[in-house]
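Peer 1: Sequence:
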Amino acid sequence: MDVDDDKLAGARLAAAAAVHRLVERGETVATAESLTGGMVAATIVEIPGVSSVYRGGLVVYATDLKASLAGVPTVLLEERGPVDPQVAVALAAGCRERCGADWGVATTGVAGPEPQDGKPPGLVYIAVAGVDGSSVRELKLEGNRADIRTESVTSVLRLLSDTLQEASSPS
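Residues 1 to 171 in our numbering are what the sequence shown lists, from first letter to last.
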């Protein structure tokens, strides 16, 4: 993977911020990943102290696994395809539920170099799901496959950190 050190450092900083906020809140997170293929989980577990907050994750690269392992409704996948904002939300909610976590994060998209199901490389959806609902973002990224995957990791971890900062304190 050919990604520059600054981009990797950005992903690690985003992971550290998210883990720090989770520790402060006494909450846990799980991951569901498609195009990032485990990179979100790997980046999170680099952070010291993560064992108290990271429950686990699902790498659901194949579309059928998004349904069978992460609980994404088959009808949603059939109607919308795997690269879709509703699928990202369903992935985040599914991993949250199936891993018994307070929060779930998800990535789905096209890393390239070729389009997938008519969707261009760089189109990515990231989502965070918690007890009070979910949020999803569309990303239109540029660069090579490694750049797109790394920026997806950084973006979903920033979204988690920002969501944790804005969320009400746990009761």
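Treat the hints with care, as some may be off.
Capping the alpha-carbon separation at 30 Å, the derived lysine-lysine pairs in DSS-like fashion look like this [what the hints assert, rightly or not]:
1) K119 - K140
2) K119 - K7
3) K7 - K140
Think of the hints as simulated: they come from the structure by calculation, not from any bench.
Peer 1: Mind checking the alpha carbons of K7 and K140 for me, to see if they're no more than 30 Å apart?
Peer 2: holds, 17 Å
Peer 1: Are the Cα positions of K119 and K7 separated by 30 Å at most?
Peer 2: holds, 24 Å
Peer 1: Regarding the pair K119 and K140, is the alpha-carbon distance no greater than 30 Å?
Peer 2: holds, 11 Å
In the structure shown, no violation is registered for any of the earlier numbered hints.
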